[in-house]
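Residue-level listing of the chains:
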Amino acid sequence: MVRVFVFGIEITEITNNIPNVNNKMFADITLESVTFKSNWKKERSLASSGCQTSELVVEEVACQSVKYKSVKTQTEDDSDKFSGFADDNSGHLAEFLRRVEPAMHKQLEMNVKSHAFDDYEVTWDEGSSTMSSIHKLTNAAHDGQFQITGLSWNSTGAVIAASYGRFDHEDWCTHKTSLCTWNLERRNLDENKPDTVLEVSSCLMCTAFHPSNPALIAGGTYNGVVIVWDLSREDDMVLTSSGIGDDSHREPVSKVIWVPDTSSLKKNKYLLVSVSSDGKMLVWKMDRKTKQIELHDGFVLMNMNLPTQLRKSRTMRGDKEVGVTCISYNNENKDSFIIGSEPGAVFKCSMSANGEQPAGNIISSIQLKSPVTFTYAHHYGPVYSAEFSPFHRNAFLTSSMDQTLRLYSMLQKQPIMTLEPGEGVIYSTKWSFSRPALFAATTDTGLLLLYDLTQNQPVPVYKLEAGGLMGNNARAPVLTCQFNQHQNNLIATGDAMGCIQVFRISDSLKTPLSRDLEILGELVDITTES
Amino acid sequence: MAEVEETFKRIQAHKGVIGVIVVNSEGIPIRSTLDNSTTVQYAGLISQLAAKARSTVRDIDPGNDLTFLRIRSKKHEIMVAPDKEYLLICIQSPHD
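Chains H and F, in that order, give the protein sequences. When you line the first sequence up against our numbering, it's residues 1 to 530, in that order. When you line the second sequence up against our numbering, it's residues 531 to 626, in that order.
Please keep in mind that the hints were generated in silico from the structure rather than gathered at the bench. Glycine is no exception: its CB is placed at the ideal position from the N, C-alpha and C atoms. Do not rely on the hints blindly, as some may be mistaken.
[Claimed, not checked] Pair by pair, the computed Cβ-Cβ distance ranges are:
id, chain 1, residue 1, chain 2, residue 2, range
1, F, Ile548, H, Asn192, 43 to 53 angstroms
2, H, Trp124, F, Asn566, 50 to 60 angstroms
3, H, Asn192, F, Lys545, 51 to 61 angstroms
4, H, Asp236, F, Asn566, 15 to 25 angstroms
[Said to hold, decoys possible] One side only, chain H facing chain F, incomplete, derived with CB under 8 angstroms:
id, residue
5, His92
6, Phe374
7, Ala474
[As the list claims (entries may be wrong)] Restricting the straight-line Cα-Cα distance to at most 25 angstroms, the calculated cross-link-like pairs of lysine to any residue (SDA-like) are:
id, chain 1, residue 1, chain 2, residue 2
8, H, Lys113, F, Ala543
9, H, Lys113, F, Val570
10, F, Lys604, H, Gly323
11, F, Lys539, H, Gln107
12, F, Lys605, H, Ile366
13, H, Lys106, F, Glu536
14, H, Lys291, H, Ile366
15, F, Lys539, F, Arg588
Chain F on its own, in the form it takes in the complex (with noise of 0.2 angstroms):
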């Protein structure tokens, strides 16, 4: 479809974003602009990270849920968009 692949481009455009990758719930990667090791381990990893951290904030307070995951290292930041059916994984390079 046009529009996902035009989001897609967009979100890939910005600065310093190394990698683009979307994940169905059961953490098998739908698209993705890396290569298909690197997916598959983002994927696997990131969507259980997600998942506990779900769980952790519904557990300290269960009319909360999480909107937003942001995992910043030495060398990039990782920021992950969770919903229902879909996770956005978008791995950033903050300093150029």
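Chain H on its own, in the form it takes in the complex (with noise of 0.2 angstroms):
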């Protein structure tokens, strides 16, 4: 017992008063836990299944060939067998050149003054006599609002290509126009409905096919843009396109047209060269990576480059542009070619010209040269077509909207024939493949006429109906023509409602004459004298 005092006070009984206390203080207690779920966790229920698939069947097979057979082939090497020539040991040679000289020579000698054969020909094909319209092909999607701007064949003949546009607007274009080409050896040829469209997003002015690969045809536009397209791909065929910059057209181009490149080392290379309104000849070289076309080299014409006769006024600015409408390369040296132009200017120029030209207005990431060495005697309008003759090298023809058809040679100024055949304008005018007196002209009032200089009367031999049938009884203007390279006797003609006429042409105007080239030749060498 403690006796506690507290202020005095005897507190003894705090020990009693503790129940379960066994008169001790701190006692060891064992408690029993307590547990309390938790509310933020979610008991997981367990079940536990099991599955197991229906009995595997399992084949074997086994195989193998036990019979053998082994062939081996070789193409053999041609061109070793005759690379070099057989040697002549038995030294009879001299004796046997000795014996034969003289009488090759008679014959030689004899073959030159001879006159027996100058009007035999023979006709080996069966051939046609008459002019006959083959085909009569047009784009029945364009109902006739769009006019042939410019027709090509592809290099092997079969595939004639047109470009639709129109010649006139009054401003910025914005016709929705294609490219569309028709295979004619094909069987099942749809006259109305050409094997490929190409959509262009505003009129075509021109278009060429590549001279050796068929699946390229370039194009110009209205908007001066020039693109080449690949008939080779499936999607989308537009390959390269000059796009609209600086360095490109900003007028609508004339003509496109493909030259030989002759600084490359490599047969088969060729520059795109276009022309245009805005007096810009421009030289496109396709990147043989990227397949881009890229600015190469540019020409300009301008008003200084005009005779004094065109120039409206003395004071008329020397610098400003002057449009080129049509361009021809010469069939022997690919270096001269000649342009029209828009007063009716015919020059001769070179791609190695270096002549300086005012800046005036343009702006080109290439120097712009002017291209003219000489200036031939012009016209009275615009020079709509101009064209070198494939067999001679000074010859060449232009028309113009002045009506007349004339026959230059190059190295004289004043033309050596002049044509007028009263048919109205003269829309184009090209030279023959296979004959070299034969030339064809389109004209205002739906014509087609064919020419052989080698006839004493400068009329034409032939006036085939071209164009088609207009309202009022007249014919529709054709507008351009083009000879099949391949296929000597077919030309093509397109016209301004947008039909285009495939015209096979009689045999005695398709094989050449053999005096032909000395007739065209006479004509245009004798005047030179003069």
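Using the supplied hints, reconstruct the complex from the two chains, each of which is provided in its own coordinate frame.
Next comes the structure, spelled out in structure tokens:
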């Protein structure tokens, strides 16, 4: 018993009043544990089950070839066969030559002087003796609202392409036209539905197939863009385009033409040349790897190049550009070309010309030079087409809005011959690829005229109705024509209603006469002496 | 041999001559002024034709023989002088 004295009061009951205590203050007590469920954890329920696939079926099969066959092939290298000539060791060669030489000389001499075969011609093909229109191609989707601005046969002569557009724009072109091709050798040729239709977002003014690759075709648009398509592609056939920039044309492209690249060592390299109403003549080179065209060289035609009679007033600025309407390259010398211009002047130019031009308003990454080396007697209206003869190196034809056709010699200022058929404006003229003396011209009255220079009279030997009939009984003007280089009895014409006609010309007109080249030569060369 | 070259030059210099070829009796060219492929082509074809022409002449009259062969085409004339061991082929364009 503890006697506790707190402030003098005896507190003795403290220990006695505490229950369950065995008179001890601090004792060991075991308490029961208390559990409580957490309310953020959910209790997971578990269940177990089993599954089994049905019995697997296994099969084993083996195979082995027991027979062997071995075949080999090898090509014979033909080129080695005659890489060298035979050696002649008999020593009789000199004797033999001595014996036959006089006879050979006699014959050679006789041949040059002989007139025995002068008018002698043999016709092997059955051919036709008449001219007939064998195809009439249209693109029904265009519905006659577009004119044929350009025609081109491809390098194999089987496919013809036509560019559609209009010549009578007043301002910016908002038409959606197309480039259509027809394969004339297909059996199921549909004359109203082209085989390929390439959509273009503005009027196409000209087109030209690549001379050796039958899939590449170039075209120039009203907006000044030069586009090259690759027809062998499946989806987007546009291979490359010059775009609308400082380097490309700002006015309608009047002509595109493929020219052999004389600077390249490889054969079959071509440059693309485009001419336009903005006076520029641009030479594009296709990069072999990227297949894009890049501006390689350029020329520009300015007022100061024009002959004085064509300059309207003395005070006309010499540094204003003059539109170029057509271009043609010489057959033998790919360095020289002729251009026709909007005022009517015809110029001889050279790819390597380096004439200075006043800067004017042209912005271009490449210095644009003056290509002019010689000026010919001019026409009295825009020159619509100029074409060098494929046979004679000096002869070229021009046709113009002044309703005349002129035959010039490259060496002479005045034309050798001026033809006025009286059929309105002559929109285009082309030489035949097979006969040196034959050329065609298309007129405003819807006719295709064929001229033969071996005839004495300056009248066409044939007049074919090539333009479609319009409402007032007149024929639609025929805007372009093109001879087929491979099938030399075909010529195609395109008219202002969007219709292409392919004519087969008679054999007498397609087979060259032996004196053709001579007569053409006489015409072109004789006058240079006078 | 200089003489052979001279003769060749003389014939080649004649007006309108495009090429001269000498072929042996087997049809293999010995000398030529044209390029390889053209020469081989002419040699093979012309020697066959000359042989055929010769046999034709002899068949009609066994006492006769071929002395000269001329083939005139639209563009050229081919003249062939035959012999026992050789064949001289000359191609000329008569109207220049």
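Verification of the supplied hints:
no.	hint	verdict
1	Ile548(F) - Asn192(H): 43 to 53 angstroms	holds (49 angstroms)
2	Trp124(H) - Asn566(F): 50 to 60 angstroms	violated (30 angstroms)
3	Asn192(H) - Lys545(F): 51 to 61 angstroms	holds (55 angstroms)
4	Asp236(H) - Asn566(F): 15 to 25 angstroms	violated (45 angstroms)
5	His92	holds (6 angstroms)
6	Phe374	violated (27 angstroms)
7	Ala474	violated (42 angstroms)
8	Lys113(H) - Ala543(F)	holds (16 angstroms)
9	Lys113(H) - Val570(F)	violated (30 angstroms)
10	Lys604(F) - Gly323(H)	violated (44 angstroms)
11	Lys539(F) - Gln107(H)	holds (17 angstroms)
12	Lys605(F) - Ile366(H)	violated (46 angstroms)
13	Lys106(H) - Glu536(F)	holds (17 angstroms)
14	Lys291(H) - Ile366(H)	holds (20 angstroms)
15	Lys539(F) - Arg588(F)	violated (33 angstroms)
Violated hints, in rising order: 2, 4, 6, 7, 9, 10, 12, 15; the structure is consistent with all others.
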